[in-house]
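Next come the chains, spelled out residue by residue.
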Amino acid sequence: MTTTTPALVAYGDAVRRYDPVIGIEVHVELGTRTKMFCPAEQSFGAEPNTQTTPVSLGLPGALPVVNGTAVEYAIRIGLALNCQIAESCRFARKNYFYPDVPKNFQTSQYDEPIAFDGWLDVELEDGTVHRVEIERAHMEEDAGKNTHVGGSAGRIHGAEYSLVDYNRAGVPLVEIVTRPITGAGERAPEVARAYVQALRDIFRVLDVSEARMERGNVRADVNLSLRATPEAPLGTRTETKNVNSFRSVERAVRYEVSRQAAILDAGRSVVQETRHFHEEDGSTSPGRVKSDAEDYRYFPEPDLVPVAPSRAWVEEIRATLPELPQARRRRLHDEWGFADAEMRDVVNAGALDLIEATVAAGATAAAARKWWMGELARRAKQEEAELADLAITPAQIGELQQLVDAGRINDKIARQVLDGVLAGEGDPEQVVVSRGLEIVSDDGPLLVAIDEALAAQPDVVEKVRGGNQGPVGAIIGAVMKATRGQADAKRVRELVLERIAG
Amino acid sequence: MSTISRDEVARVAALARIDLRPEEVDRLAGELDVIVESIARVSEVATPDVPATSHPLPMTNVFREDVPVPALPVADVLASAPDAQDGRFAVPQILGEE
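Protein sequences appear in the order of chains A and B.
Sequential numbering from 1 applies to the first sequence in the working numbering.
Sequential numbering from 1 applies to the second sequence in the working numbering.
Just chain B, with the same shape it has in the complex (with noise of 0.2 Å):
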């Protein structure tokens, strides 16, 4: 049975900005299936008392304390910018804005 739909692997690759061609929407489709069915298989094993894990190690809080490194100069931030201007990287035209 079939659960990622080829709409659906179109639609998120359009989110993504990743231009596919038909046939690579039906391939993905296909993969991304099989690895979703996979996973799914987890939830076989696992019994009511595992909760939902986003983050398999056991560590929280891991924190940095408020104080300034040096900044990259602004020579190497640029380097490898399309295009610069003022020390500011140069973008094409923001559509849709204002």
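Okay, chain A solo, but in the shape it has when bound (with noise of 0.2 Å):
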């Protein structure tokens, strides 16, 4: 084309101006152990062309045969995100000429998807939800990798050309389709990012893909379209492919909106198109004008048979569902009790598996929270590194709570003992032995006075046990007096109390 772009207009003003409405595709590459029609193993990393079969290099004759795990993987996140399951649904041919389609055609789902008509409530960082409706999710497979030698490194005659290793083609892709979502105003950048991530993490539980974003395992199309108010129908809408970083997503959909709102000021008409996004500025550039040429030709794939999963067989694996990550949240934060700021924080920082994790190893969420929150979020931040990828398990700052409350150490020297654990010393325990920070304290002789003093009143012991601590200072008065007044009494409490709960 040989217009000029006009200007950029500002965020801030194209929102004001205009109403966003974004459509996100996101394709996952599922966690098979083989591909998607043929048993082909799929691993990431392989030497080129080492996973291939006749089926998935598109060999004449070749035929095709459905991998069952696939289908169930895809059932599964069709109903994590609320979808109706196809009582009945077919696969089809997807015709297109590129060379990391080996078969010429891409096998897909057309009319029929198998999972459709589903929801996803989406949670901003300050706790706003936004609910995006899924249109459908289907089955298909992925292409194949191109690497393009350039003409200048290149050892044809200088001629530019391609290499293709076709490992990847025939891996089992489900991509998930939302329909328009709008209302989201100038908060859509971070509806498109939040959707994306609650995406990647919902793949996770479900154990369905690995959802390594840098691997390429979970990779989006962001659509966007601007019209002049939330009522106006929908403008025309571009969609910026692969873009394939949550950072990215944000960018892409500001980037378009400042680009589209340019545009439209100048009283010219968005071009519907793919674009490409370029992590480097965030920008996105044209790539192919949708046309004639974009004519897939599908029809149904006469080598396969349709999908038909029983209603037994969908409700069988909707039983065996894992709890989904927003519905663990709000039972941890019920759990926990922390306020709603303190939770929105131990999310945002990644801090939630963490504590759970401390929890379970004995610690309170209270003392789990003061610790990964505190002390090991500025630590993190020094070494400009996540908490989890800190020297130190939810185990071990479980164990070093044990040690705060057990009266070993106090909260001072426990910071001494972190540092030995974060230097690779051991176990908090080992690290309290080895550099001598236990607090000394000797409860051998005060243990031997406190078991006397509840042998010989049976009777006490029992109506403590039994809920009323009231004649607790009996007992407590009782080794006072053996040991001449020379004990800690809030200590022996503790002791005395210890000893009758067993």
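Derived from the structure by calculation, the hints contain no laboratory data.
Be a bit skeptical, because a hint or two may be false.
Unchecked claim - To give an idea of the chain A side of the interface with chain B (calculated C-beta under 7 Å), a few residues:
hint : residue
1    : H27
2    : T50
3    : G68
4    : Y161
5    : V164
6    : V305
Said to hold, decoys possible - Here are the simulated SDA-like cross-link-like pairs (lysine to any residue), alpha carbons at most 25 Å apart as the crow flies:
hint : chain 1 : residue 1 : chain 2 : residue 2
7    : A       : K94       : B       : I35
8    : A       : K94       : B       : V91
9    : A       : K103      : B       : V74
10   : A       : K241      : A       : G287
11   : A       : K145      : B       : D76
12   : A       : K103      : B       : D83
13   : A       : K481      : B       : V12
14   : A       : K490      : A       : G467
15   : A       : K412      : B       : D33
16   : A       : K94       : A       : P180
17   : A       : K103      : B       : V62
18   : A       : K103      : B       : V42
19   : A       : K370      : B       : P82
20   : A       : K145      : B       : A79
21   : A       : K94       : B       : D7
22   : A       : K145      : B       : L28
23   : A       : K145      : B       : D86
24   : A       : K103      : B       : R11
25   : A       : K94       : B       : D86
26   : A       : K103      : B       : P82
27   : A       : K94       : B       : V12
28   : A       : K381      : B       : D86
29   : A       : K94       : B       : L28
30   : A       : K370      : B       : T53
Said to hold, decoys possible - Simulated restraints, written as ranges between beta carbons of each label pair:
hint : chain 1 : residue 1 : chain 2 : residue 2 : range
31   : A       : G61       : B       : R27       : 28 to 36 Å
32   : A       : L321      : B       : R64       : 17 to 25 Å
33   : B       : P48       : A       : S245      : 19 to 27 Å
34   : B       : A52       : A       : G337      : 53 to 61 Å
35   : B       : Q93       : A       : E186      : 36 to 44 Å
36   : A       : R131      : B       : Q93       : 27 to 35 Å
37   : B       : R64       : A       : Y96       : 22 to 30 Å
38   : B       : R27       : A       : E231      : 20 to 28 Å
39   : B       : A13       : A       : E386      : 51 to 59 Å
40   : B       : R64       : A       : F299      : 21 to 29 Å
Glycine is no exception: its CB is placed at the ideal position from the N, C-alpha and C atoms.
Work from the hints to combine the two standalone chains into their complex.
Pasting the structure below:
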């Protein structure tokens, strides 16, 4: 195109004058052992073309067979996204020519997706919830991987060419398509990001994919259009392809809002097209213009019979769905009794799993939060690391807190123990011993006196066990007398209660 | 009455990367017309209670266990490649991308 692009409109101005509408297509590679339609193994990082069969190479006469586990994973995803699961659905051929698609068609689903009509509530960082309607989730296969070899480095007479690896060709994918996401206003970029992030979290707990963004396990295409008001019909959209990090999703939306606003301000029309996203500066540039060449001549795949998941199977899968991330966050929020803001900080800091594991290791939620959001957050920041990457485990924090609770160390010394653990000196107990950090206290003689006093007054023990702590003073008095008042009464009380509780 | 036009044949041929001469387009338009008309006659005998069918076999849910088999040896994979480099198929530059 020879027309000059108008300057971008500042984001804030753009969303004051226009209402952004987003639509997101997310592809997730399923973590099955084998491919969608053939039993070639699939794993990340294998040598080129070492994971192929005649089916994934598209050799003549090769016949596909559906991977049953991939169908189950697709149903799991559909159910987690509150979708209907089709009583019957079929595969279709999407015909196009590209070197990474060896059959000259992608086996996909067209008019009959396996899952449809769902929704997902997405939570923004400040706790605002935005509902995203899911139009469909369908099964398909991934393409191979092209590596473009530039002219300057090219060895074939300096010409530019491409190298193709078919290991990824045929890897099972589920594509999840939203309905137009309206009503997000200026927060559209955040909603887009939070949606993709929520999907990633769901894929992980469903155990259907490793869902590693940096490996391209999860890839997003971001559609965006602007309209003058929320009441106006939808504007012309662009589709920014392969936006592969959460931050990029947010930036791609922002950029397109600013760019399209400038075009509309100039009285021109947005061109419906696919666009490429550029990580370096967060911009997008035109790819193919949607045209006649995009007629994929879909037709039902004759080599595969329909998939008709029985209702019994669907319900069986539904019954085994794990607790989903949002429900889990709500449950833990209740269990831990954190304030809303505290809980959000915990989630945003990526400390939810760590605190849950620390609580499981014996710490109270409040103590676990204090460690991870306080001292450890400070150290992570110093080292510019994630909390989870610190060289200390939740089990070790649990142990550390127990040492504090048992009075063997205090909070101040606990920080020194932390230093030792982080320096690789072993578990907290070992660090306390090797660094000689234990508070000197000898409960031995006290315990002897306590056991004697308890044995002498079994009736008091009974009452205290029965829930009446009043008479415990009689025991404490006896112990203080036996130790001629040299014991710490507070400590005696603790030990007496511990002993009685058994 | 002709239902398949010359233009349609030319368009589908272009989409399918089939290079047809003008006289071939004419001939195929006629032949495809006969095929389409013949198939359309099925709807004359199909009663409304016969649903549209894409798969004639009364089979569904033909699944495979998710168990890997050994892959083809790379040498075999690349044996039919017009050109190869570093274990990969070498193909002409892909036009219109990036």
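To see whether the hints hold, each was checked on the structure:
Nearest Cβ of chain B to the Cβ of A:H27: about 18 Å, over the 7 Å cut. The hint is violated. Taking 7 Å as the C-beta cut-off, the interface hint given for A:T50 holds, the closest approach to chain B being about 6 Å. For A:G68, the suggested interface contact is upheld, since its CB lies about 3 Å from the closest CB of chain B, less than 7 Å. Annotation: interface hint on A:Y161 holds; nearest CB of chain B at approximately 5 Å, less than 7 Å.
Taking 7 Å as the C-beta contact cut-off toward chain B, the hint placing A:V164 at the interface holds, the least distance being around 4 Å. With a cut of 7 Å, the hint placing A:V305 at the interface with chain B holds, because the nearest CB-to-CB distance is about 5 Å. Of the pairs offered as hints, the one joining A:K94 and B:I35 holds, with about 23 Å between alpha carbons and a cut-off of 25 Å not exceeded. With a C-alpha separation of about 22 Å, the suggested pairing of A:K94 with B:V91 holds against the 25 Å cut-off.
Under the criterion of a C-alpha separation no larger than 25 Å, the hint pairing A:K103 with B:V74 is consistent with the structure, at around 19 Å. Our distance criterion of 25 Å between C-alpha atoms is met by A:K241 and A:G287, whose separation comes to about 9 Å. Among the hinted pairs, A:K145 with B:D76 is consistent with the structure: their alpha-carbon atoms are about 19 Å apart, no more than 25 Å. Taken as a hint, the A:K103 and B:D83 pair is honoured in the structure, with Cα atoms around 18 Å apart against an allowance of 25 Å.
A hinted pair counts as satisfied when its Cα atoms are at most 25 Å apart, and A:K481 with B:V12 does not qualify at roughly 104 Å. The suggested pairing of A:K490 with A:G467 holds, with an alpha-carbon distance near 19 Å, which does not exceed 25 Å. Simply put, A:K412 and B:D33 have alpha-carbon atoms about 89 Å apart, too far for the 25 Å limit, and the pair is violated. With a CA separation close to 23 Å, the supplied pair A:K94 and A:P180 stays within the 25 Å bound.
Proposed proximity of A:K103 and B:V62 is supported: the alpha carbons are some 21 Å apart, at most 25 Å. Our distance criterion of 25 Å between C-alpha atoms is broken by A:K103 and B:V42, whose separation comes to about 31 Å. Pair hint A:K370 plus B:P82 does not hold up; C-alpha atoms about 64 Å apart against a cutoff of 25 Å. For the given pair, A:K145 sits about 19 Å from B:A79 by alpha-carbon distance, which is consistent with the 25 Å threshold.
Pair hint A:K94 plus B:D7 holds up; C-alpha atoms about 22 Å apart against a cutoff of 25 Å. For the given pair, A:K145 sits about 37 Å from B:L28 by alpha-carbon distance, which is inconsistent with the 25 Å threshold. Proposed proximity of A:K145 and B:D86 is supported: the alpha carbons are some 14 Å apart, at most 25 Å. Straight-line distance between C-alpha atoms of A:K103 and B:R11 comes to about 21 Å, which keeps the hinted pair within the 25 Å bound.
Distance restraint check for A:K94 and B:D86: the Cα-Cα separation of roughly 30 Å exceeds the 25 Å cut-off, and the hinted pair is therefore not satisfied. Using a Cα cut-off of 25 Å, the hinted pair A:K103 and B:P82 holds, with the two alpha carbons roughly 16 Å apart. Using a Cα cut-off of 25 Å, the hinted pair A:K94 and B:V12 holds, with the two alpha carbons roughly 14 Å apart. This hinted pair does not check out: A:K381 and B:D86 have alpha carbons roughly 43 Å apart, beyond 25 Å.
For the proposed pair A:K94 and B:L28, the alpha carbon gap of about 24 Å is at most 25 Å, so the pair holds. The suggested pairing of A:K370 with B:T53 is violated, with an alpha-carbon distance near 64 Å, which exceeds 25 Å. At about 29 Å, the beta-carbon gap between A:G61 and B:R27 stays in the expected band of 28 to 36 Å. A beta carbon spacing of about 24 Å between A:L321 and B:R64 agrees with the range 17 to 25 Å that was offered as a hint.
Taken as a hint, the range 19 to 27 Å is violated for the pair B:P48 and A:S245, whose Cβ atoms sit roughly 53 Å apart. Between B:A52 and A:G337 the beta carbons are some 59 Å apart, a value that agrees with the proposed interval 53 to 61 Å. Checked against the hint of 36 to 44 Å, the C-beta distance between B:Q93 and A:E186 comes to roughly 42 Å, which is consistent with it. A hinted range of 27 to 35 Å is violated for the C-beta pair A:R131 and B:Q93, which are about 45 Å apart.
Separation of B:R64 from A:Y96 is about 26 Å and conforms to the stated range, judged on CB atoms against 22 to 30 Å. Distance hint for B:R27 and A:E231: a CB-CB separation of about 54 Å, inconsistent with the stated range 20 to 28 Å. Distance hint for B:A13 and A:E386: a CB-CB separation of about 56 Å, consistent with the stated range 51 to 59 Å. Checked against the hint of 21 to 29 Å, the C-beta distance between B:R64 and A:F299 comes to roughly 23 Å, which is consistent with it.
Violated hints, in rising order: 1, 13, 15, 18, 19, 22, 25, 28, 30, 33, 36, 38; the structure is consistent with all others.
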